[in-house]
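Trainee: Read off the chains here:
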Amino acid sequence: MSSPLLDITQLRASYGEAEVLHGIDLSVSQREFVCIIGANTAGKSTILRSISRLVPKSSGSMRFGGVDLAALAAHQIPALGIAHVPEGRQIFPDMTVEENLLLGAFTARNARDLPARIADVFELFPRLRERYRQLAGTLSGGEQQMVAVGRALMLRPKLLLLDEPSHGLAPKVVEEMHQAFKTIHERGTSILLVEQNVELALDVASRGYVLEAGVVTLAGTAAELHANPAVVTAYLGL
Amino acid sequence: MSFLQAILDGLLIGGVYAVISIGLTLVYGVMGIVNFAQAEFLTIGMFTAWFAWAFLGLDPVLAAPLSFAVAFAIGWVVQGQLIARVLSAPSVAQIFLTVGLLIVIENGTLLLFGSQFRSVTTSYQTISLSLGPLFISIPYLIAFAMSLACGVALWWFMRASWFGRAMRATAQNPAAARLMGIDTALMYKMAFALGVGLTAFGGAVILPYVTVYPGVGGQFVVLMFTVVVLGGLGSVAGAVVGGLSVGVIQSLSSLFFPIQLQNLVLFIVFILVLAVRPQGLVGASR
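Respectively, the protein sequence lines represent chains A and B.
Just so you know, we're using my numbering here: the first sequence kicks off at 1 and counts up by one.
Just so you know, we're using my numbering here: the second sequence kicks off at 1 and counts up by one.
Incorrect hints may appear among the rest.
[Unchecked claim] Stretch-level coverage of chain B by chain A, calculated; a stretch enters the list once three of its residues show a Cβ under 8 Å from a Cβ in chain A:
{"hint": "1", "segment": "161-168"}
{"hint": "2", "segment": "171-179"}
[Stated by the list, open to error] Derived DEER-like restraints, expressed as beta-carbon distance ranges:
{"hint": "3", "chain 1": "A", "residue 1": "Pro126", "chain 2": "B", "residue 2": "Phe96", "range": "49 to 57 Å"}
{"hint": "4", "chain 1": "A", "residue 1": "Ser61", "chain 2": "B", "residue 2": "Ser91", "range": "54 to 62 Å"}
{"hint": "5", "chain 1": "A", "residue 1": "Thr138", "chain 2": "B", "residue 2": "Ser128", "range": "44 to 52 Å"}
{"hint": "6", "chain 1": "A", "residue 1": "Ala119", "chain 2": "B", "residue 2": "Ala175", "range": "26 to 34 Å"}
{"hint": "7", "chain 1": "B", "residue 1": "Ser161", "chain 2": "A", "residue 2": "Gly141", "range": "50 to 58 Å"}
{"hint": "8", "chain 1": "A", "residue 1": "Pro126", "chain 2": "B", "residue 2": "Ser128", "range": "57 to 65 Å"}
[Claimed, not checked] To spell it out: a stretch of chain A is covered by chain B in this simulated footprint if at least three of its residues, at any positions, have a beta carbon under 8 Å from a beta carbon of chain B; those stretches are:
{"hint": "9", "segment": "69-78"}
{"hint": "10", "segment": "94-105"}
These are calculated hints, taken from the structure and not from any lab test.
Don't be surprised by glycine CBs; every beta carbon is placed ideally from N, CA and C.
Let's have the full structure, built from the sequences with the hints guiding it.
Mentor: Rendered as structure tokens:
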């Protein structure tokens with residue numbers, strides 16, 4: 001058994017004086033689709049932000065393909081093949097869809113296959129083709145989320161971090177989005193998904209972690225979690 | 001006909017105003033810092049061009065890239081060593097720093113070069129072209145053409161180059177820019193250096209018709225802020241519109257009022273514009 005792609009042990013992270021994560025163990029293997037579920041303030045986003053080195057104070061070990069992430073600055077992370085779709089999309093509103101997509105490939109700017117990468121994004125989200133020359137800030141919420149995901153895919157990442165990608169979207173768009181995630185995963189990208197919509201998360205992911213107040217309280221396959229009475233009562237509302 | 005002449009003169013001078021002000025708006029747009037020392041880099045650019053003329057025999061217009069390079073280098077160090085420390089500090093700290101920088105540069109040049117006025121002599125200084133009934137002063141035309149070339153180059157850089165795009169991304173959302181692999185600290189250095197470099201470039205091209213002394217930046221500082229705020233703070237296109245407008249307003253007002261009132265008219269227009277469009281002529285309303 002090969003070592004996992006992403007291997008996190010005893011991750012602690014704080015904002016200022018307040019510690020948000022109290023020693024997290026988490027791993028994502030090659031081609032795996034993993035989700036993190038839990039309540040709003042459990043610290044799910046902080047895990048992703050720690051991986052991307054956006055949290056100033058963190059300790060513990062984070063290794064990606066053998067590289068120690070803690071030794072790197074935020075802007076050095078994408079070059080390893082980690083793309084992060086942040087909470088609230090965080091697209092560049094005063095730039096066109098084209099420019100947003102190209103910026104996703106900033107660290108791969110000398111690659112010759114940029115047109116092919118853009119074509120791949122269009123195949124996944126055909127609507128972006130019509131919006132290509134529009135300012136991203138003028139798009140609908142769903143379209144902006146497509147820009148955010150498409151921008152991350154421009155890196156051709158090994159690992160895709162998705163932070164609350166369905167938040168604030170219409171049900172039909174959420175459905176479409178999760179379909180896209182399945183496709184991305186089938187094409188060979190590992191995914192770590194943070195999601196409040198537990199039903200959806202357990203539907204697309206193969207394995208999951210339940211996070212409560214900065215601690216992993218449960219871990220297992222999606223089927224196990226889905227059948228777990230604690231998960232059912234707390235998150236599935238049945 | 002003198003009306004057309006005034007508009008032409010205003011546009012020629014306004015083009016230069018635009019280029020020296022773009023730097024100020026660029027630094028604000030990318031970093032959110034108002035650089036009160038911006039006009040001092042005009043002084044640095046003028047002195048660089050003057051020394052290049054006096055000792056190397058270089059025409060000030062040809063020395064403009066050198067002025068740009070000198071200010072760019074100084075700006076790179078100033079951003080990396082000084083401004084970077086106050087990026088997330090309260091704006092009072094930022095103001096103290098850039099105003100302090102203004103005082104240091106002004107007195108530094110006074111200490112090094114003395115208070116005398118220096119000017120250059122060029123072969124084209126007093127020549128003008130006549131275009132039908134209109135006269136075009138050659139040094140103003142050259143300064144305008146150089147400013148235009150510089151503005152187009154900047155526009156290309158910001159629109160079509162990877163680093164220009166990265167700089168705009170940093171301006172719009174620095175955290176997201178880091179997620180794209182953009183070294184935002186490097187972008188800030190580049191934006192500041194580029195901004196003061198452009199102002200120094202503008203300083204060099206006006207040397208054929210403006211004398212240089214350590215306080216020359218002070219002559220332009222209010223003008224630069226007027227241009228930038230009139231166009232819309234943080235907008236490069238706004239600085240261009242603002243620069244041309246200020247040039248034309250000044251020039252037209254001298255048709256009807258004594259020259260001493262030229263800035264009075266400018267500020268009346270300025271206040272009226274801001275009363276109607278507080279975000280400036282080009283600035284976005286949000």
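Trainee: Please go over all the hints and tell whether each is borne out by the structure.
Mentor: Checked hints:
1. Restraint check on the segment 161-168 of chain B versus chain A: 4 residues with Cβ-Cβ distances below 8 Å, three needed, restraint holds.
2. Only residues whose C-beta sits within less than 8 Å of a C-beta in chain A count toward coverage, and the segment 171-179 of chain B has 7 of them, enough to reach three; the restraint holds.
3. A beta carbon spacing of about 53 Å between A/Pro126 and B/Phe96 agrees with the range 49 to 57 Å that was offered as a hint.
4. Between A/Ser61 and B/Ser91 the Cβ separation comes to about 40 Å, which falls outside the hinted range of 54 to 62 Å.
5. Between A/Thr138 and B/Ser128 the Cβ separation comes to about 48 Å, which falls inside the hinted range of 44 to 52 Å.
6. For A/Ala119 paired with B/Ala175, a C-beta distance near 29 Å keeps the hint of 26 to 34 Å intact.
7. Restraint check, B/Ser161 to A/Gly141: a C-beta distance of roughly 31 Å breaks the suggested window 50 to 58 Å.
8. For A/Pro126 and B/Ser128, the hinted distance range of 57 to 65 Å is satisfied, since their beta carbons lie about 60 Å from each other.
9. For the segment 69-78 of chain A, the stated coverage by chain B holds: 6 residues have a C-beta nearer than 8 Å to a C-beta of that chain, and at least 3 were required.
10. A count of 6 residues in the segment 94-105 of chain A with a Cβ less than 8 Å from any Cβ of chain B is obtained; the coverage claim is therefore met, three being the minimum.
In this structure, the hints that do not hold are numbers 4, 7, in rising order.
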